[in-house]
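Work the whole structure out from these sequences, hints included.
Protein chains: 2
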Amino acid sequence: MNKQAFIIIDMENGFINPESAQCIRMAAQTVNRCAKAAEAARMRGIPVIFVNRIYRKSGVDVEHTRYRAWYDGGRAMSEDCEPVIDSNNPAGLSPQENDMIIIKPRFSAFFMTELDLILRRLGIDTVILTGTTTPNCIRTTCYDAISLDYNVVVIDDCCSSQTEEIQRANMFDMKNIGAHIITADEFVSDNYEIQYDSLAVCREEVRNGI
Amino acid sequence: MNKQAFIIIDMENGFINPESAQCIRMAAQTVNRCAKAAEAARMRGIPVIFVNRIYRKSGVDVEHTRYRAWYDGGRAMSEDCEPVIDSNNPAGLSPQENDMIIIKPRFSAFFMTELDLILRRLGIDTVILTGTTTPNCIRTTCYDAISLDYNVVVIDDCCSSQTEEIQRANMFDMKNIGAHIITADEFVSDNYEIQYDSLAVCREEVRNGI
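Residue numbers (the numbering used here), protein chains in the order written: chain B, 1 to 210; chain U, 1001 to 1210.
Since the hints were made in silico from the structure, they are not lab data. Don't take each hint at face value.
[Unchecked claim] Which residues of chain B face chain U? A partial, calculated answer using Cβ under 8 Å: (1) V60; (2) E63; (3) T65; (4) Y67; (5) R106; (6) T140; (7) Y143; (8) D149; (9) I166; (10) A169; (11) D173; (12) I177; (13) S198; (14) C202.
[What the hints assert, rightly or not] The calculated lysine to any residue pairs, modelled on SDA-like cross-linking and capped at a C-alpha distance of 20 Å, are: (15) K1057/U to R207/B; (16) K1175/U to M171/B; (17) K1175/U to R25/B; (18) K57/B to V1201/U; (19) K1175/U to Q162/B; (20) K175/B to A1021/U; (21) K175/B to E1164/U; (22) K1057/U to V206/B; (23) K57/B to E1205/U; (24) K1057/U to E205/B; (25) K1003/U to G1123/U; (26) K1175/U to R168/B; (27) K1057/U to E1082/U; (28) K57/B to V1206/U; (29) K175/B to I194/B; (30) K1057/U to D149/B; (31) K175/B to T1163/U; (32) K175/B to Q1162/U; (33) K1175/U to A21/B; (34) K57/B to E1204/U; (35) K175/B to R1068/U.
Don't be surprised by glycine CBs; every beta carbon is placed ideally from N, CA and C.
What follows is the structure, encoded as structure tokens:
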């Protein structure tokens, strides 16, 4: 039986609302599905972790390539911005009691955060990824997770991109490196289980010499 | 004037030769262009850094999602494999005197390597990325480099993928997060200079408040 964690990345007003310069076009339509999948995780005792972006109002922690657009666009997800583009998770997808919240400074949920330490402490071997945006924060988290020896499950229709074409190209690449791509319906189903535990298989074979 | 480093990722026999199970289809055709661009870098006094994969023959350091295919395919880039799929850089693209070599255990050239420490010591602000494979090792290095506050230049036709479609989709995403995508001809040209120093601009604006 895999020990899983359910991770929701950057599902914040500043990335979801059309008013925001940082809006990801397909994100709003995934809010309800993410909420439903997160609830299924909680019912199974799978820890739910929100990984959010919060920028300082000076912008000293914004990626240098994004700084100008972020500044000119109203400094979304900082103290100074309008409520409609703030760092809160949207109504219906906010952290519940016992969920965890991690603030990340860059794309990957692992990059200079305590996520790996928390997952180790909990004995997690499999991360389930949801949120936005697929080509940036979901994908970098996926690659870091595989690099750190986690199995990775990506719930395709709980993730979002600016276009369907970007979404497809990125799911293709992540599948190619060994991520399991599933749908929200599959995850919510009573029959859900991880398709192939490549970590356990690899560990066994390395230990024994195939 | 930017302080640059020229980085060549995973251009090894095991990723280039068609005999290898890990062969990247478009890699062989980039060898000469990489060599020419690296030589232009050396002539300008830009440090050249080879970042290579070398696996242990037990496979304990192979990504768990790749372990089986790697093992069954002849354990490329390890002590045990045939010379044609070893970890050497191909003829015509081997490290020259004063070039540096770094061994990396995962996709990104920054992931648990000394690359960032070396770049800091040298005062580098801009990394020029070449090598293979575009969706995995080039792209993760690009995202980590931007996360670590480097300007990123990717030489499109010195990088390679399994298909042209994958190459295009990944260049598109990297351009979107602020990488400069150029060609080998542009880099080799006497007129070459980095197009936009977003790091310097951002630093100045953050310091002064725009």
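Numbers of the earlier hints that this structure fails to satisfy, in rising order: When the structure is compared with the hints, none of them turns out to be violated.
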